[in-house]
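Dock chain to chain to rebuild the complex, using the hints, since each chain is given by itself in its own frame.
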Amino acid sequence: MSDMPSGKPLVTDTNSSILDRAATAAAHATPEPLAKKVRGLSDRMVAWIFIAPTILLLLAINIFPLIWAIQLSFTNYRANRPNADIKNIGLQNYSRILGDADTWIAMQATAHFVFWTIALQTLIGFTLAYLIDRKFRGHAFWTTVILVPMMLSPAVVGNFWRFLYQPQIGLFTYIISFFTGIPPTEIEMLSNVSLAPWSIIIVDTWMWTPYVMLICLAGLRSIPDYIYEAAEVDRASPWRQFWSITLPMALPFIMLAVLFRGIENFKMFDMVNLLTGGGPGSTTEVASITLKREAFEKWRTGYSSAFAIILFVAVFGLANIYVKVLNKVKNR
Amino acid sequence: MADVFLNGVSKAFDDHQAVANLDLKIADGEFVVLLGPTGAGKTTTLRLVAGLEKPDSGSIEIGGHDATRLEPAERDVAFVFQQYSLYPHLSVYENLAFPLRSPARRMPDDQIRRRVEEVARMVRIHHKLDNRSTKLSGGEMQRVAIGRALVRKPAIYLMDEPLSSLDAKLRAELRLELKRIQAELGSTVLYVTHDQIEAMTMADRIGILADGLLVQIGSPRAIYMEPANLHVAARLGQPAINLIPVGLLPDAAVPTGTKTIGARTEHLTIEKSANGHGDGTIDWVEHLGDQNHLHLTVKDRKLITLTDTDTPFRKGDAVTVRYRAPLFFDGAGNRISG
Chain A
2 MSDMPSGKPL
12 VTDTNSSILD
22 RAATAAAHAT
32 PEPLAKKVRG
42 LSDRMVAWIF
52 IAPTILLLLA
62 INIFPLIWAI
72 QLSFTNYRAN
82 RPNADIKNIG
92 LQNYSRILGD
102 ADTWIAMQAT
112 AHFVFWTIAL
122 QTLIGFTLAY
132 LIDRKFRGHA
142 FWTTVILVPM
152 MLSPAVVGNF
162 WRFLYQPQIG
172 LFTYIISFFT
182 GIPPTEIEML
192 SNVSLAPWSI
202 IIVDTWMWTP
212 YVMLICLAGL
222 RSIPDYIYEA
232 AEVDRASPWR
242 QFWSITLPMA
252 LPFIMLAVLF
262 RGIENFKMFD
272 MVNLLTGGGP
282 GSTTEVASIT
292 LKREAFEKWR
302 TGYSSAFAII
312 LFVAVFGLAN
322 IYVKVLNKVK
332 NR
Chain B
1241 MADVFLNGVS
1251 KAFDDHQAVA
1261 NLDLKIADGE
1271 FVVLLGPTGA
1281 GKTTTLRLVA
1291 GLEKPDSGSI
1301 EIGGHDATRL
1311 EPAERDVAFV
1321 FQQYSLYPHL
1331 SVYENLAFPL
1341 RSPARRMPDD
1351 QIRRRVEEVA
1361 RMVRIHHKLD
1371 NRSTKLSGGE
1381 MQRVAIGRAL
1391 VRKPAIYLMD
1401 EPLSSLDAKL
1411 RAELRLELKR
1421 IQAELGSTVL
1431 YVTHDQIEAM
1441 TMADRIGILA
1451 DGLLVQIGSP
1461 RAIYMEPANL
1471 HVAARLGQPA
1481 INLIPVGLLP
1491 DAAVPTGTKT
1501 IGARTEHLTI
1511 EKSANGHGDG
1521 TIDWVEHLGD
1531 QNHLHLTVKD
1541 RKLITLTDTD
1551 TPFRKGDAVT
1561 VRYRAPLFFD
1571 GAGNRISG
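Each protein sequence line maps, in turn, to chains A and B.
Numbering-wise, my numbering comes out as the position in the first sequence, counting from 1, plus 1.
Numbering-wise, my numbering comes out as the position in the second sequence, counting from 1, plus 1240.
Okay, chain B solo, but in the shape it has when bound (with noise of 0.2 Å):
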């Protein structure tokens, strides 16, 4: 395990810039989320670290190394990638030991089986071990994929939406047990995903990414609470922020310069309107199961928010819609600390 920094990356694509100008730094130890929608250069950056991309300029620094210029091998690195990577034609056993293999580590085959068994039971396929890798479920195979990283011990291991291929039950089952397993073993990792659950939930840091630009870096508590921007507000929350135009809702102390109002669920108070006249009407409320999404309208503004599962609200009721503490952002975006 190490630290790994990297200074001022750009890689560009033909005339698309992939990344640009990337400064981040991932402490010993750390988890590292990057999180952005297709096309945002997070699987660049992920391979820039991995050594499969060079970059255009900057430094890539693993473990107190200049591995600017150092092929993927040369980097102590190991990859989790978004499909099964696995070889096809040897077994699951095989497949674990590949890495360790390397006539670089000559390690010896006792040492391997034992560590190959070690990880198996880490990630539950021990029982596995003689299948062939192509005879596997997805969710089993990506556990071998996890596990071929998890037997070197590597600076930083990198992952690029490795539960994106999996079904729901499945990833959120997984996505417990990867964390489980960083923080058992103390490893630095860099995770990349446009899920924000998996974000939130594993990550000691959110790096969120549009664009090829590092826009916000920080706990998944602070990218929450305190978003740089409109771009980072709508990334995290579920149902998503509403952001509405100032003058809409009849709004409390609003710093000046603010243009746009961004609320979350919980930054609104929604009660039935006394006197039948409100500031809007509800569309219809959707059961969920263990939320009720409840969506209004203000005037010609849709908005969509929780309610609770024995809510009072039907269809066609005139509420009043007030702010409780929001997000303000000025014209071009930014937040205006309130």
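Next up, chain A with everything else stripped away, as it sits in the complex (with noise of 0.2 Å):
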């Protein structure tokens, strides 16, 4: 037996098939009559008249930006200075980037942000659901409760997390000074350089753990109690049912909220760029945060658009090789 979706890869090789794919696919599900009235059109052609919209919507705001940037990136073309000579300059910014000792600061604390959101919101998030899950009087409720922080603007939270670690007023420095008997003004949660990557983690723990839990909760209900039983009856203990019944079935789910909040935590921008805008100085300079500041600060479009394709090729490939593995375990 096996209730889990076995088989397809989560993200397939991309390639120009897939349009041609989804207008087959468009085709095939246009009602037979329909289709004929339209004289001297073909299913296929129909298919195309539908889907165009969208595919130049796509086109246009995605794909060409997308090319321009990368167009972008080997030359030295400042946005701030539209009529100055734009000289093609190869692989220079690439280089200067990877070079650049800043650049590998930023990623570092990009990587520092990136591990511990995803390890506490996994920890967290998979215990939730875990408690959730025994669905006791109310869980529902309690359900919903968590999940409320996920369905806030993060500008909204942001700016309310900002309150929250006011040093004179903040409740969440009040509370913490209130346990450890640290006077309140010495919490300086956002412009402290030890404190502030952890300002940033705490808030985007709080925020996106309801997801997480969402994922692992989904997980974990496709899980079919007969499994629990045979288990129980086969004289495993709770926590050998943990082992070897729970965590493995949910393990692909859990791996999956990991890549959605990877990708996700990759490209964080607004949470940090609301609450320290990268400092004290560049202690929370994640790398979007660099790459703000180089296109929009320092006007270096070319070096900014190298920066981000340098970013995309990252992400895409890290992500790539983690579906790979994350197929293996769901197949096994």
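A few of these clues could be false.
[Stated by the list, open to error] In the DMTMM-like style, the derived pairs of lysine to aspartate or glutamate whose C-alpha atoms are separated by at most 20 Å in a straight line are:
#: 1; chain 1: B; residue 1: K1499; chain 2: B; residue 2: D1548
#: 2; chain 1: B; residue 1: K1393; chain 2: A; residue 2: E233
#: 3; chain 1: B; residue 1: K1499; chain 2: B; residue 2: D1444
#: 4; chain 1: B; residue 1: K1368; chain 2: B; residue 2: E1357
#: 5; chain 1: B; residue 1: K1542; chain 2: B; residue 2: D1519
#: 6; chain 1: B; residue 1: K1393; chain 2: A; residue 2: E230
#: 7; chain 1: A; residue 1: K136; chain 2: B; residue 2: D1254
#: 8; chain 1: B; residue 1: K1409; chain 2: B; residue 2: D1435
#: 9; chain 1: B; residue 1: K1539; chain 2: B; residue 2: D1550
#: 10; chain 1: B; residue 1: K1393; chain 2: B; residue 2: E1511
#: 11; chain 1: B; residue 1: K1393; chain 2: B; residue 2: D1435
#: 12; chain 1: B; residue 1: K1294; chain 2: A; residue 2: E233
#: 13; chain 1: A; residue 1: K331; chain 2: B; residue 2: D1370
#: 14; chain 1: A; residue 1: K299; chain 2: A; residue 2: D134
#: 15; chain 1: A; residue 1: K268; chain 2: A; residue 2: E298
#: 16; chain 1: A; residue 1: K136; chain 2: A; residue 2: D226
#: 17; chain 1: A; residue 1: K136; chain 2: B; residue 2: E1293
#: 18; chain 1: A; residue 1: K299; chain 2: A; residue 2: D103
#: 19; chain 1: B; residue 1: K1294; chain 2: A; residue 2: E230
#: 20; chain 1: A; residue 1: K331; chain 2: B; residue 2: E1334
#: 21; chain 1: B; residue 1: K1393; chain 2: B; residue 2: E1424
#: 22; chain 1: A; residue 1: K136; chain 2: A; residue 2: D271
#: 23; chain 1: A; residue 1: K299; chain 2: A; residue 2: D101
#: 24; chain 1: B; residue 1: K1265; chain 2: B; residue 2: D1243
#: 25; chain 1: B; residue 1: K1294; chain 2: A; residue 2: D226
#: 26; chain 1: B; residue 1: K1512; chain 2: B; residue 2: E1466
#: 27; chain 1: B; residue 1: K1555; chain 2: B; residue 2: E1526
#: 28; chain 1: B; residue 1: K1555; chain 2: B; residue 2: E1511
#: 29; chain 1: B; residue 1: K1393; chain 2: B; residue 2: E1311
#: 30; chain 1: A; residue 1: K329; chain 2: B; residue 2: E1293
Simulated from the structure, these hints should not be mistaken for laboratory data.
In structure tokens, the structure reads:
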């Protein structure tokens, strides 16, 4: 038996035939009589007409900028000097970025942020899911309550956490000082060099743990009761049931949550920008903040394009490797 | 192996009485089949013995110990579920070894290996021990599930329609194997099914359940020959027993109080009527290969019975129909011994 979805990889290799296949699929979905009424047009043509607007929009706002950015990444173009000569400088941007120590500091900050948010969110999220899955009285109510942070806008979250972190009036600071006895004015979550990275990790975890919980909950709910009953009759202790049934069977879901959060946090921008803006100094300057500074403060458009491409390739490459592993785990 | 007693066990879910005041004694080494339609309380009975449900009242005794309030793990039972309840991420070997690896047993590895291989051979899955359990066919999965019950030597094997999700050929095959294994090991089995052929062929005793009540229990032959009431009579027999109101056919010696006459295929003599005026007419002859079903109309009643493969009957023939020692039932549906 297996109720788990199997076989299909999550991300198929992107190539031109995807559009074609979509058109064919749409053509198959078109009811026969309707297709026949449009005289002179084949089913495939009709399908193309229906999906063309979406494809055009996608090309205009996604594909075109991407190609343009790739092109710009080989130049010294600056968007604040549109009339200056654009010189093609080859791979210079790339070699300068990869050779710059600041790049690697930003990457380290990003890695630190990604690692700890994922670790905390997975641990807390899975634990919450495991507890909620017990179906106690009012579990639906608590699920909703837990999901609230996820439904808020990051801008709102960033702003009110700034108040919570405020050394004089912040509730968070007050609670920490209440339990530790440290005077609240000394708890400068956002401007202390060693606390600032953690302040962002805490907010992101607060906001996105529910999301991880939801995916883990789906995983736990997909395990049929009779597997546990069989294990119970087979004299497996709750501990053994957890390690040999719950965890392995929920693992693909946990890994999926990690993937989503990983991609999302690799390009984390809004929350960091709102809370610390990359400071103090550059302690919370994750890659996307560096990118924004290069692009819209220093106006080095060509350079920042190259930086964006490097980030894109890194995320895409890592995600692809990860998906391969995930599929292997799923198909065990 | 051990005796299992259920004494006045009742279990209700919300306002639905699943099992009502059930008394059942299963002797050591006995193969008891519970037969009944969906919702009759068969599975609930099984789950009560396993400890997956706790009874509202009554007691359950396994091997001389009161097990009414014990957890499933403390009961020394093995359960085969209707679904292939394998651990999907484990190999066949690990699935079979799972119950033996319980810390309560502390069985050494080489002993586990010996036992698993022995059982794997018994259920004929030893050539696939290293396969992932999800990569097996339905029949193989159910063999593993049965094997996982067999690796232990519990007081009783509980089987919940283990063959129902298999195709007909495989079901017939595994049915024989299961019976062979049970006879070989002398195991005590409580088996639930709604398939009368499984019940008839495997059981030492059949218990007929209806609406949570044990209507009758006895040997397959007794259940078939001497059903307690109409319900039991209708459960067994293929084609199903014909229930005919008194007076439809020329009755022989009918006991007083009889309202319905139950006629199985062997309880009817059918002959072509000589003068063209019979008791009924043939509607059609259904050819099934190894046997033929004969559909006929007597006045406004439809009867179904068997006829030889080289039947002389044709559609439209007028026939005389006579009873040959049928079953008699009173107005309440209880059988009157004739």
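Structure-based check of each hint:
1. A hinted pair counts as satisfied when its Cα atoms are at most 20 Å apart, and K1499(B) with D1548(B) does not qualify at roughly 31 Å.
2. With a C-alpha separation of about 16 Å, the suggested pairing of K1393(B) with E233(A) holds against the 20 Å cut-off.
3. Only pairs whose Cα atoms come within 20 Å are accepted, and K1499(B) paired with D1444(B) is rejected, the gap being roughly 32 Å.
4. Distance hint between K1368(B) and E1357(B) is fulfilled; the C-alpha atoms sit about 11 Å from each other, no more than 20 Å.
5. With a C-alpha separation of about 12 Å, the suggested pairing of K1542(B) with D1519(B) holds against the 20 Å cut-off.
6. Taking the CA atoms of K1393(B) and E230(A), the gap is about 19 Å. The hint holds against a cut of 20 Å.
7. Of the pairs offered as hints, the one joining K136(A) and D1254(B) holds, with about 18 Å between alpha carbons and a cut-off of 20 Å not exceeded.
8. Annotation: proposed proximity of K1409(B) to D1435(B) holds, straight-line Cα distance about 14 Å (limit 20 Å).
9. About 26 Å separates the Cα atoms of K1539(B) and D1550(B), which puts this hinted pair outside 20 Å; it is violated.
10. In summary, the hint linking K1393(B) to E1511(B) is not supported, as the alpha carbons are separated by about 56 Å, beyond the 20 Å threshold.
11. For the suggested pair K1393(B) and D1435(B), the alpha carbons sit about 27 Å apart, so the restraint of at most 20 Å is broken.
12. For the proposed pair K1294(B) and E233(A), the alpha carbon gap of about 14 Å is at most 20 Å, so the pair holds.
13. Only pairs whose Cα atoms come within 20 Å are accepted, and K331(A) paired with D1370(B) is accepted, the gap being roughly 18 Å.
14. Restraint check for K299(A) and D134(A): the C-alpha separation of about 51 Å exceeds 20 Å, so the hint is violated.
15. Between K268(A) and E298(A) the alpha-carbon distance is near 19 Å, which keeps this suggested pair within the 20 Å criterion.
16. For the given pair, K136(A) sits about 13 Å from D226(A) by alpha-carbon distance, which is consistent with the 20 Å threshold.
17. Pair hint K136(A) plus E1293(B) holds up; C-alpha atoms about 18 Å apart against a cutoff of 20 Å.
18. The suggested pairing of K299(A) with D103(A) holds, with an alpha-carbon distance near 15 Å, which does not exceed 20 Å.
19. Restraint check for K1294(B) and E230(A): the C-alpha separation of about 14 Å stays at or below 20 Å, so the hint holds.
20. Among the hinted pairs, K331(A) with E1334(B) is consistent with the structure: their alpha-carbon atoms are about 18 Å apart, no more than 20 Å.
21. The hinted pair formed by K1393(B) and E1424(B) meets the criterion: a straight-line CA distance of about 13 Å does not exceed 20 Å.
22. Distance hint between K136(A) and D271(A) is unfulfilled; the C-alpha atoms sit about 36 Å from each other, more than 20 Å.
23. As the CA atoms of K299(A) and D101(A) are separated by approximately 16 Å, the hinted pair is consistent with the 20 Å bound.
24. For a cut-off of 20 Å, the pair hint linking K1265(B) to D1243(B) stands: about 8 Å separates their Cα positions.
25. Distance hint between K1294(B) and D226(A) is fulfilled; the C-alpha atoms sit about 17 Å from each other, no more than 20 Å.
26. This hinted pair does not check out: K1512(B) and E1466(B) have alpha carbons roughly 30 Å apart, beyond 20 Å.
27. Our distance criterion of 20 Å between C-alpha atoms is met by K1555(B) and E1526(B), whose separation comes to about 10 Å.
28. With a C-alpha separation of about 14 Å, the suggested pair K1555(B) and E1511(B) falls inside the 20 Å cut-off, and the hint holds.
29. Using a Cα cut-off of 20 Å, the hinted pair K1393(B) and E1311(B) holds, with the two alpha carbons roughly 18 Å apart.
30. Restraint check for K329(A) and E1293(B): not satisfied, since their Cα atoms lie roughly 38 Å apart, outside the 20 Å limit.
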